[in-house]
Amino acid sequence: MADNIPVTTKSPKEDFASDQDVRWCPGCGDYAILAQMKKVLPEIGVPREKVVFISGIGCASRFPYYINSYGFHTIHGRAPAVATGIKLANPELSVWIITGDGDSLSIGGNHLIHLCRRNLDVNVILFNNQIYGLTKGQYSPTSPLGKVTKTTPYGSIDRPFNPISLVLSAGATFVARTIDRDTKHMAEIFKRAAAHKGCSFVEVYQNCNIFNDGAYRLLTEPETKFDQVLYLEDGKPLIYGKEKNRGLRFNGFETEALEMNESAENKDLPVHRENSENEAYAQWLSRIGDVPGLPVPVGVFRAVQRPTYEQLSEQQLAGAIQKKGPGDLKQLFISGDTWKVE
Amino acid sequence: MKNIQEVSRVTIRFAGDSGDGIQLTGNQFTRTTAIALNDLSTLPDYPAEIRAPAGTLYGVSGFQIQFSSQNIHTPGDEVDVLVAMNPAALQSGLKSLKKNGIIIINGDAFTERNLRMANFSENPLENGFLAGYQVYPVDITRLSRDALEKIELTHKEKDRCKNFFALGMVYWLYNRSMDATVEWIERKFSRQPIWAEANVLALKAGRNYAEATELFATSYRVPEAKIEPGIYRQITGNEALTFGLIAAAAKARRNIFYGSYPITPASDVLQYMASYKHFGIKTLQAEDEIAAIGAAIGASFAGDIGVTATSGPGLALKSEFLGLAVMTELPLVVMDIQRSGPSTGMPTKTEQADLLQGLFGRSGEAPIPAIAASSPADCFYAAYEAVRVAIRFMVPVLVFSDAYLANGAEPWKIPDTEGLPEIEIEFAKAGEDYAPYLRDPQTLARRWALPGTPGLEHRLGGLEKQDVTGNVSYDPDNHEKMVRLRAEKVQRVGEFVEEPEIYGDSRGEVLVVSWGSTYGTVLTAVEQLRKEGKSASFYHLRWVNPLPKKLETYIRRFRRVIVPEVNLGQLRRIIRSTYLVDAVGFNRMKGQPISVSELKQAIEALLEEKNNGR
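Chains as they are written, first to last, in this note's numbering: chain A, 1 to 342; chain B, 1 to 614.
Worth flagging that the hints you see were computed from the coordinates, not collected in a lab.
Please note that the accuracy of each hint is not assured.
To be verified - Taking lysine-lysine pairs in the DSSO-like style, the calculated list, with each CA pair at most 30 angstroms apart, reads:
hint	chain 1	residue 1	chain 2	residue 2
1	B	K98	B	K550
2	B	K277	A	K324
3	A	K197	A	K38
4	B	K429	A	K38
5	B	K226	B	K549
6	A	K244	A	K184
7	B	K226	A	K340
8	A	K324	B	K531
9	A	K340	B	K429
10	B	K156	B	K204
11	B	K531	B	K590
12	B	K549	A	K323
13	B	K251	A	K340
14	A	K340	A	K324
15	A	K197	A	K340
16	B	K251	A	K323
17	B	K549	A	K340
18	B	K188	A	K324
19	B	K429	A	K39
20	B	K251	B	K590
21	B	K277	A	K323
22	B	K188	B	K156
23	B	K150	B	K188
Claimed, not checked - Looking from chain B toward chain A, a few residues come up when the C-beta cut is under 8 angstroms (computed):
hint	residue
24	P124
25	E287
26	E320
27	R542
Claimed, not checked - If you want the ones that stay clear, here's a sample from chain B, every Cβ over 10 angstroms from chain A, calculated:
hint	residue
28	E157
29	D288
30	T453
31	E457
32	E509
Here the structure is a predicted model, which is why all the values come from computation and not from measurement.
Where is the CB? At the ideal position from N, CA and C, for every residue including glycine.
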């Protein structure tokens, strides 16, 4: 049932800053993410009253308090469930889920995969810092093997999740990764996620400077980052390196890194295609960063179009009304066998 | 001409293998009985296994119906007529059969193999085991086949009609018209005329057999009951919940969002709701119990009426989200179709043991209003009222039903849709001075502001809220204030809803206090005692939280208070602690409703205490 709500169409940038004091630790990677989000939101073409931020529990999940839109700080791991109800109740809303590696991959793992498989048109931003921050430093489902934390004094024996690989398998239709230190790239990815119709998943490598400082140092420091990070660009070959002289290709079932004396741009290397129907390609990409000696891809792994869950739900509702006519209570009550007592 | 005897009340139990069509037979008998203007109450009783092996005791499917020329409120404790389609049905049905009760037996099914599976070492038809009952062995399988001689069906197919043969006999025994069933069969099998013909033939053959043979010396007639005029239909508790929700949504002019995860005995509601999309009902079969309530809360935040249903184990999983709904003060309806616990327990069997879980099973001080349906048809009104209260007070509301109400059916007088109470919603409007936790002074409800409304942007969450502003607050005084406000708001529901009336005198010897599905049993017991001149009255709770104000008044006016429940005494515990009264319990946990006669004895024992010097 439609509501007669007047719609404003423009939102100045400062509109998205809420009046609440931001309470993350100084130096936390979350600040950069918040700043980029505030910058991007006015540019996505949705007035702020139609923007809803939903979070679970954890440092990242404080995020909705800092954005002046509608927001819901729910319970641990369950933001996707609440988001599903919100989006089905009102498909016009731009719904953002803010979550962390513990929130979405441990306690809320089930909801995340089902959100992806349903292809609800929401944007999931996963702040991955490979640690539990709010509870002060326990290992998380993305902490590497051997990681020493307060709860793994002898090193973690849990194999980490690869979030990109997980959501690809679960059916997310837009899958991307970015890094808190590369704000320009992050802003671009957020815009792409907002524009995508369907379940958008963005993993942000985020530094927890208190409990897991430098987890992504190799990917962010100028001395190492060019050889460690591969920026995915649609229609471009898989190349990296400061001189763009490194490239990736298949060699049988293995991935081979090539180093050349000149730019690898025009060499015969696999070309990145975000919309490849072959999910195995994106899966291959997602696992490259796990291989020692190979770079970590960032950017858009996959972007494909599928009908969204709320579209299908609305269609079924409209179809039922078309077929049976709008529900009539009296008719409902007397459906089936009735009898009259005089 | 045989003898026709008039009786006022009869209980029949049809029983056989899951594949014998027992539920269908029972439903047809029920419908015919309703059309014959008897009051009635039914209890389907089927195995948990989807396709239990034929002939086994645990595979017995039963359907019990009590019908009467008087008002009745239960499907009956003791059975007058047992229709046993095989030895297992006989074995399991005997314990509730009256002395000298009638047993109609399908003699063809009493094979050595079936006897063994039913734990009979000898054939009970031959060894005098059934002395003390009126036993009528009929070769139902053979006679049905004979009746269908000219029909082009295999023996195996013909055997599927034997339930109609049995039904035909019972129709004769109770002087029932077969018209309604014949008409139903013809409609149901309009596209398979051979089956329509076969079933009608079997039905008529059964009736003719009973009439022609001198099998029964007597047939019976139950006169019409005085029934309020109107249009009626049969309704189960789960259907009634569905209708109640749909009606409330229509009255409120909002969509229902129904999120649920399949769980016995609540799954029906999700199935029904999914089939009523043209009423603007959105359903989500969620990935788990937690997501089901979470999505319902999200939908409520965005302006739909969020509803979820489950059973005990599912309610446990939902408890954290229920706490969030309490904190965020959003309208939400959670229905608990209770079953025997703890843990997986007996999923198809009834119990009332979730009361304390429902009222108190959350972290922190998280009170929620709770309403309990008292009969299958009452589930309609309970669901409707739950939506009304949830919206008016901006609270989650719990609706208690149970497996007995969910599957049981009774005639429902179809209400006038215009006569249903209005459900008004006033959302906060764009441009108004909005504070998320500013309250209505009367109801203490905060205002519902929908995402999409310009200028009302706000953030909800599980962290403690500052009064009025809704900002996160750790202030000690504010927290205490908010805890008390949330509790007070639930209490104020009591001023909005109607309090139940006492049945019987408003002072006297023994007061029976109950809640939920025990209603019919307790009412019957107290009715009978009062007819015998005993001083017993009955107060049945509708809202179990908050408790009605009158309850304390009545409790003080009786010498003794007894609380019958299908649990270890959960309401009794609340009554004792709330009113400091030495209430006693009557507690049975057999996965079945309490029996009238046992309860009567317990009340009588209390009445007699006085004579024993207490």
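Can you give the numbers of the hints that this structure goes against, from lowest to highest?
1, 5, 8, 9, 12, 15, 17, 20, 24, 27, 29, 30, 31
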